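Enquirer: Here are the chains, one letter per residue:
Number of protein chains: 4
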Amino acid sequence: MSESKDTIDKKNANSMWGGRFSEGPGAVMQEINASIGFDQKMFREDIWGSRAHAAMLAACDIISAGDRDAIIEGLGQVEAEIERGEMTWDPAMEDIHMHIEARLREIVGGAAARLHTARSRNDQVATDFRLWCRGKLDALDGSLKILQGALISQAEKHAVTVMPGFTHLQTAQPVTLGHHLMAYYEMFHRDRGRLADCRARMNECPLGSAALAGTSFPIDRHMTASAMFFDRPTANSLDAVSDRDFALEFLSAISIAGIHLSRIADEIVLWATTPFGFLTLSDKFSTGSSIMPQKRNPDAAELVRAKVGRFVGALNSLLMTMKGLPLAYSKDMQEDKEPVFAAVHDFELCLAAMTGMIDDLKPNAEAMKAAAGGGYSTATDLADWLVRVLGMAFRDAHHVTGEIVKLAEEGGVQLQDLALADMQKIEPRITDLVFSVLSVDASVASRTAFGGTAPDNVKAAVAVAKENLQ
Amino acid sequence: MSESKDTIDKKNANSMWGGRFSEGPGAVMQEINASIGFDQKMFREDIWGSRAHAAMLAACDIISAGDRDAIIEGLGQVEAEIERGEMTWDPAMEDIHMHIEARLREIVGGAAARLHTARSRNDQVATDFRLWCRGKLDALDGSLKILQGALISQAEKHAVTVMPGFTHLQTAQPVTLGHHLMAYYEMFHRDRGRLADCRARMNECPLGSAALAGTSFPIDRHMTASAMFFDRPTANSLDAVSDRDFALEFLSAISIAGIHLSRIADEIVLWATTPFGFLTLSDKFSTGSSIMPQKRNPDAAELVRAKVGRFVGALNSLLMTMKGLPLAYSKDMQEDKEPVFAAVHDFELCLAAMTGMIDDLKPNAEAMKAAAGGGYSTATDLADWLVRVLGMAFRDAHHVTGEIVKLAEEGGVQLQDLALADMQKIEPRITDLVFSVLSVDASVASRTAFGGTAPDNVKAAVAVAKENLQ
Amino acid sequence: MSESKDTIDKKNANSMWGGRFSEGPGAVMQEINASIGFDQKMFREDIWGSRAHAAMLAACDIISAGDRDAIIEGLGQVEAEIERGEMTWDPAMEDIHMHIEARLREIVGGAAARLHTARSRNDQVATDFRLWCRGKLDALDGSLKILQGALISQAEKHAVTVMPGFTHLQTAQPVTLGHHLMAYYEMFHRDRGRLADCRARMNECPLGSAALAGTSFPIDRHMTASAMFFDRPTANSLDAVSDRDFALEFLSAISIAGIHLSRIADEIVLWATTPFGFLTLSDKFSTGSSIMPQKRNPDAAELVRAKVGRFVGALNSLLMTMKGLPLAYSKDMQEDKEPVFAAVHDFELCLAAMTGMIDDLKPNAEAMKAAAGGGYSTATDLADWLVRVLGMAFRDAHHVTGEIVKLAEEGGVQLQDLALADMQKIEPRITDLVFSVLSVDASVASRTAFGGTAPDNVKAAVAVAKENLQ
Amino acid sequence: MSESKDTIDKKNANSMWGGRFSEGPGAVMQEINASIGFDQKMFREDIWGSRAHAAMLAACDIISAGDRDAIIEGLGQVEAEIERGEMTWDPAMEDIHMHIEARLREIVGGAAARLHTARSRNDQVATDFRLWCRGKLDALDGSLKILQGALISQAEKHAVTVMPGFTHLQTAQPVTLGHHLMAYYEMFHRDRGRLADCRARMNECPLGSAALAGTSFPIDRHMTASAMFFDRPTANSLDAVSDRDFALEFLSAISIAGIHLSRIADEIVLWATTPFGFLTLSDKFSTGSSIMPQKRNPDAAELVRAKVGRFVGALNSLLMTMKGLPLAYSKDMQEDKEPVFAAVHDFELCLAAMTGMIDDLKPNAEAMKAAAGGGYSTATDLADWLVRVLGMAFRDAHHVTGEIVKLAEEGGVQLQDLALADMQKIEPRITDLVFSVLSVDASVASRTAFGGTAPDNVKAAVAVAKENLQ
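Chains as they are written, first to last, in our numbering: chain Z, 12 to 481; chain P, 12 to 481; chain H, 12 to 481; chain Y, 12 to 481.
Keep in mind that the hints were calculated from the coordinates and are not lab data. These numbers come from a predicted model, not from an experiment. Hints may contain errors.
Repeated chains share a single entry, so a pair holds when one copy, or any two copies, can fit it.
What the hints assert, rightly or not - Here are the computed lysine to any residue pairs in the SDA-like style, where the Cα-Cα straight-line distance is at most 25 Å:
(1) Lys295 / Glu414
(2) Lys156 / Glu478
(3) Lys477 / Glu105
(4) Lys52 / Phe352
(5) Lys295 / Ala38
(6) Lys373 / Arg307
(7) Lys380 / Thr291
(8) Lys52 / Ile437
(9) Lys470 / Thr459
(10) Lys380 / Arg307
(11) Lys52 / Asp101
(12) Lys470 / Val171
(13) Lys477 / Ala378
(14) Lys417 / Gly299
(15) Lys52 / Ala124
(16) Lys156 / Asp208
(17) Lys373 / Gly385
(18) Lys295 / Glu42
(19) Lys417 / Arg307
(20) Lys373 / Thr285
The whole structure should be built from the sequences, with the hints applied where relevant.
Expert: Below, the structure is given as structure tokens:
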């Protein structure tokens with residue numbers, strides 16, 4: 012007649028979970044708990060680890076050679092199936108490890124059951140994730156190298172192209188575009204160093220740490236480590252399964268590199284404005300407007316600039332997740348992968364886009380040179396000349412220069428267009444040799460001390476860089 | 012005979028882009044630029060906005076009634092197609108707005124071309140995103156309310172269940188489990204307040220702000236605003252297209268709520284440990300071990316605790332992306348959606364999981380009470396008695412209490428098990444009335460000042476809370 | 012003869028702690044544990060709370076009227092002493108509460124010992140910190156209002172001053188400077204709303220929650236709440252002592268406001284560049300160069316832009332600190348104050364600096380107008396005219412406009428300088444009425460739909476804003 | 012008669028700035044612009060740089076030997092004065108560089124004016140800050156080493172002390188306390204590696220990059236670099252003055268190390284709870300309660316746990332500040348120092364406090380062992396025995412073990428207390444040899460594979476660690 016209390020409760024329960032979770036707690040738990048949605052990305056790494064583990068178990072007489080061969084062949088089949096898209100991903104089977112293990116069991120039966128000896132999911136996932144990160148560290152090093160190559164190539168072309176050097180975004184002194192681009196070469200050089208250090212530090216194999224305490228099986232962890240090109244096995248099993256430093260360090264390195272990308276991207280946006288007019292955007296990395304056919308929007312540069320937020324967000328995410336976790340493995344750590352996967356994906360994309368933009372750079376040398384010559388940008392050259400040639404003290408030379416700049420400003424001319432006589436009214440010892448430093452070309456040519464903007468320096472830096480990139 | 016320079020260049024170009032971008036710059040640009048991969052989530056909001064816009068354009072005699080009807084009917088068809096999964100998403104067609112517009116054009120022809128009058132993608136996406144967020148703000152308020160309901164229900168059941176109250180995670184004073192749970196009710200109450208304030212502040216309609224400057228068409232922005240249940244149109248077109256405060260405020264509110272979730276999740280993990288033993292984990296939100304059938308791992312609680320990292324990561328991501336952007340729309344802002352989508356998705360999931368865990372809470376009242384009685388947790392009750400009954404100054408009462416606790420410690424007994432004579436050796440005026448405050452039940456019962464842990468207070472708080480949730 | 016082991020151990024211990032901690036563990040503990048170095052800032056709030064508490068205790072017959080009077084008078088003396096700089100801050104006495112209590116005991120003796128009845132440091136510090144934050148919320152609301160006033164005043168002056176409106180930092184359509192400045196008025200309006208919501212939500216009094224469980228003394232928490240202008244006492248004692256939402260919400264609001272400051276600061280830096288030349292920097296907020304007297308660096312704007320990092324840093328700091336803390340009070344929470352104090356200090360400073368920069372804004376109207384007219388910025392006006400007057404569909408009008416822009420570009424002229432005949436070659440129905448929309452002045456004047464950039468709209472918005480600021 | 016408009020304006024201006032800035036814009040600008048409040052910390056580094064620069068200028072015949080000697084002697088005097096606290100810090104003189112230069116001019120007159128040849132404040136501050144960071148990197152490496160020493164020493168003492176190993180904070184398998192502590196040794200080892208890599212990467216000298224473009228003076232940058240023990244001069248002047256990677260990388264390394272500190276601190280808090288009872292807190296790093304003399308609050312551990320928030324906050328602060336800054340120097344970068352100074356200060360303090368806590372660790376071995384034996388923690392040992400001795404497949408052994416655990420649970424006994432006959436009912440091949448692996452001592456002793464928890468492994472790891480620390 013009337014619904015039982017139980018029925019009503021069930022209904023309420025269902026409505027309580029709302030549409031998305033209308034199936035009740037089981038659906039919620041499966042959705043929050045299963046990692047297969049993202050960790051399937053590591054299927055190759057998981058299979059590599061299992062191959063190495065099987066070979067080692069056999070070498071240590073823990074499983075038979077027959078089992079080993081069956082397992083290794085079976086794993087090959089599983090890998091091929093996944094590559095062909097034939098694996099059915101099922102959230103009920105939680106993660107990539109269980110998917111592969113279950114499929115292997117279907118293929119090779121009993122031998123599969125022996126593969127899990129002397130390991131657990133805790134050391135397995137730590138190994139897979141390290142392998143994945145290591146592969147990406149290598150790939151990203153390559154991408155950074157290509158970006159550096161693009162910078163070098165443009166720097167070489169523009170070793171003598173003059174542009175304004177800014178401080179506070181105010182014209183300060185002329186520099187060369189080549190020198191400016193080589194500043195980014197240096198930044199990406201440090202970025203590669205950080206990635207390399209991260210790789211070296213993380214290249215230890217957790218496999219065989221088992222759940223957390225190590226194992227009593229007489230395994231040879233050096234053998235598995237070496238089979239996967241790790242430098243050595245990790246030294247402490249508790250640390251091995253609860254350490255995510257490598258991911259944090261990776262994200263830190265990407266974040267810092269992202270800052271560099273955001274800076275050059277910001278400059279591209281700025282230089283492409285009409286008032287600056289320093290460059291014409293490549294069609295390939297900008298979008299147009301049907302209504303203003305001449306207009307180009309620097310979309311790719313803006314997106315690269317924005318992405319640093321994503322990198323830093325990923326870093327924060329994992330730092331916060333790891334905060335205060337007692338040893339050893341806690342499920343919290345499952346939240347390590349998505350931020351890393353997303354950041355690496357976006358970082359690769361940004362590097363490719365920036366490489367494309369640099370390759371296609373179309374600087375407007377005239378506009379750059381004109382801007383470089385404004386704002387009395389060679390005033391410091393004048394002051395340096397007064398010091399060098401007339402032997403004035405630096406602070407005095409500054410004062411005299413200020414007076415001469417004021418004179419030029421009142422006359423509405425640039426320094427090189429002032430009459431010698433006018434300058435001599437302020438400082439009688441000035442000779443017409445001074446004109447040799449007042450043009451922007453003379454200015455940049457003179458900055459020959461190591462690291463300075465002189466074209467010859469730029470060419471030398473390019474040569475060194477080319478050698479380094481070999 | 013030999014490859015042309017051009018061929019070589021193309022080859023190099025290809026190899027430069029590597030596997031993922033082997034098709035060259037076009038593939039890179041499409042991948043970084045297209046938002047259709049994620050903004051398709053807003054198809055209903057986009058269609059809603061277009062319907063409202065079409066109706067308004069007709070009411071203002073900017074398009075004909077016939078066009079309006081065709082557009083609105085056509086949009087209905089597009090919506091149905093998308094819901095049935097019939098739309099083909101094509102990265103070349105960038106975003107959800109273009110997909111819908113293009114399909115509409117196929118269906119209704121020329122009328123579709125007139126729909127875009129007096130709007131642009133900049134105000135359109137701002138409107139869609141606000142609508143999406145507003146819908147989620149409402150849904151999440153509902154989810155928080157359900158979680159509060161679960162807390163209230165358990166608090167009512169456990170209004171008299173005694174447990175240790177901790178400071179520094181050291182037993183300090185006995186409290187009731189109901190009181191403890193109601194502390195979280197208060198936190199989620201504030202969270203709902205923050206979501207409500209965010210909703211009220213963001214409920215202004217950007218549509219009609221056009222690209223950035225507003226429009227010269229005689230449109231009625233109040234009409235579109237009202238059709239989408241916005242309180243009013245935004246007041247400044249430049250602000251309207253470049254504002255993402257609503258997303259930042261939403262992510263802030265989620266992050267703070269995430270802190271609350273991390274705290275209760277941490278307590279569940281802690282209470283479920285063997286040494287604490289305060290509760291038995293629900294099967295529904297824990298995982299077991301084939302090898303240790305009695306073991307339950309608090310996976311869901313750990314994952315909820317971890318997810319706060321994701322929320323805070325998303326907040327940081329968008330804050331950083333928005334930093335220092337000049338007005339008005341910049342493409343950087345396209346990076347606003349993914350962090351919000353992901354955080355909202357995970358937050359919903361965490362609320363559902365936490366509600367399930369609270370619903371299923373199986374406290375071990377004996378273990379809680381035993382722990383509550385340890386550590387001389389009623390020492391402050393004794394001190395308060397000395398003040399209240401004997402009229403001692405607070406600091407003096409503290410001193411006497413300290414002496415009595417020392418005595419109990421030396422005797423290896425709890426305070427309520429000390430002999431009166433022993434206490435009188437320290438303070439002769441103590442009478443046997445003192446025993447009325449030395450048990451944990453007496454202690455909690457005595458904390459009747461507003462906000463205190465007394466069972467009657469908890470019941471009263473539950474009653475108020477129930478009314479609030481109506 | 013030889014040093015004893017003990018002596019050696021002490022030496023080692025000392026050397027172990029190094030210079031800074033050469034006194035050993037005691038020095039380390041004192042330095043990490045004492046908060047007096049920063050919480051002395053809250054001495055007025057602490058004394059206010061004690062006054063209210065004493066008055067309430069007497070009203071509830073928990074202490075005598077005589078004690079109350081002695082305490083309140085004594086507190087007045089302590090406050091005066093601190094204001095005169097006569098208090099000696101001693102890290103050994105940990106925090107501001109103990110300093111004031113100890114000094115009060117010296118002054119009034121026994122009565123001071125009774126003041127601590129029915130409260131603890133946990134509810135005391137929560138009360139002090141809320142009072143401090145509330146005071147700053149009010150002060151900052153005032154500062155934001157002054158900044159809004161400066162924006163309104165400039166917007167009114169520049170309601171008709173034309174400048175380029177940018178998307179992607181590319182000239183898109185002309186807007187007015189007044190409209191642009193009013194966009195920031197809107198942002199700061201929302202910021203004030205967030206601060207007000209934070210204030211309303213946090214305005215509950217924790218005092219009387221005692222250590223964590225409430226109290227058995229018959230206190231009147233509504234009385235103390237009301238004496239300190241709180242809306243009500245907090246409802247749950249555990250929550251009251253472990254809640255820092257108000258600080259998190261405050262820092263969120265400052266961070267979002269900091270984003271707005273970073274945007275306008277970035278624009279000031281940009282507009283002050285030589286290529287843009289949109290404004291001349293005020294001497295008061297820029298620095299010069301002895302060598303280039305004409306040069307002005309936008310230091311204040313750069314620093315304001317940079318400070319948003321500090322705000323977001325502070326927010327992250329406290330979010331991370333609060334993550335996963337079990338109830339109730341943990342010492343971790345002592346790390347709440349320094350980030351808030353620092354962020355509030357810097358935010359006040361940024362608001363003052365930005366107000367000064369806006370007050371002193373010296374726009375170069377000619378440069379702005381010239382830039383506004385470049386890039387065929389009235390192309391959308393032309394398209395809109397084709398729609399409005401000729402009844403063309405929007406997409407068709409776009410196509411025709413594109414053709415006309417191409418024509419102008421080939422001729423090297425602006426749209427308004429094209430011959431009618433030339434336009435008619437592309438679309439014969441165009442009449443000379445079209446010229447009424449092709450100038451930048453006509454363009455901005457035409458954007459009269461609500462929220463658009465038309466001077467009349469700006470004036471109306473300013474009028475509304477003025478009324479709101481009353 | 013009436014106040015002039017000017018007077019009124021001044022009044023308004025004053026009231027506008029409010030109390031803190033009542034002196035008007037000048038006070039605001041000075042407060043936001045001056046860095047002397049914090050950069051005075053780098054006075055030694057600044058003087059070191061000036062000494063090296065003077066020596067080089069003389070060696071390159073840019074200044075005379077007499078000037079050099081006067082400058083170097085004068086700098087010695089300035090340094091001594093600052094060390095004696097005799098320097099008056101004046102915000103009007105902005106920064107440490109100007110303070111030292113001005114005082115030097117007073118002392119040595121004209122020679123001081125020549126010191127600034129071929130350098131600027133931009134390369135000077137970059138040099139000073141690197142020197143300061145490098146010094147701290149070295150000091151912190153020392154502090155970490157001392158902390159590692161403390162861990163090793165305790166690990167050696169507790170190589171055989173058994174405790175529960177946790178996953179999900181559930182008892183999983185027995186481990187040794189020594190092994191657990193050595194996990195932290197490994198973490199701090201990686202931290203030292205990160206600091207060392209940061210040091211190696213940043214050890215390049217920016218001095219001589221001048222304002223941004225390098226210099227035309229024939230300086231020898233290798234000489235100054237070498238005089239300050241830099242490995243080489245920086246290669247690009249634009250990069251040299253605008254790079255803050257070293258600070259970002261430093262803060263990243265501190266943040267990751269802070270995560271480690273937060274984990275061990277959390278464990279100390281947890282282990283010191285009454286239910287765990289794994290350790291007794293040292294008096295030196297805990298605080299007591301006058302009312303509960305037996306109570307000890309783990310304040311230092313909680314504060315160390317909390318401080319990671321500050322580290323990550325500092326990292327975020329600087330990342331955000333650096334985002335999107337165009338080259339070269341911008342004033343934004345002045346916001347680099349305070350976050351680094353504060354984080355380094357707190358990190359040093361945390362290391363000292365943690366070292367003290369480890370030194371004083373008083374583990375309760377009985378409680379640990381009792382807890383280790385609960386929860387059928389040797390179930391995996393049983394399963395491994397079934398595999399190893401009976402040759403069962405891992406998954407089958409798991410199943411059998413699960414059955415036996417169920418039996419034990421039903422009987423309310425631990426595994427080692429089950430009768431052999433009972434086990435044989437489930438798996439007849441089990442012999443009494445099985446008991447050799449069922450005790451916690453046997454379990455830990457058996458985990459001898461590399462990295463496992465066996466006491467012998469711990470001792471070996473300690474021996475290796477000791478050698479590394481030499």
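Enquirer: When the hints from earlier in the document are held up against this structure, which numbers fail?
Expert: Structure breaks hints 3, 8 and 13.
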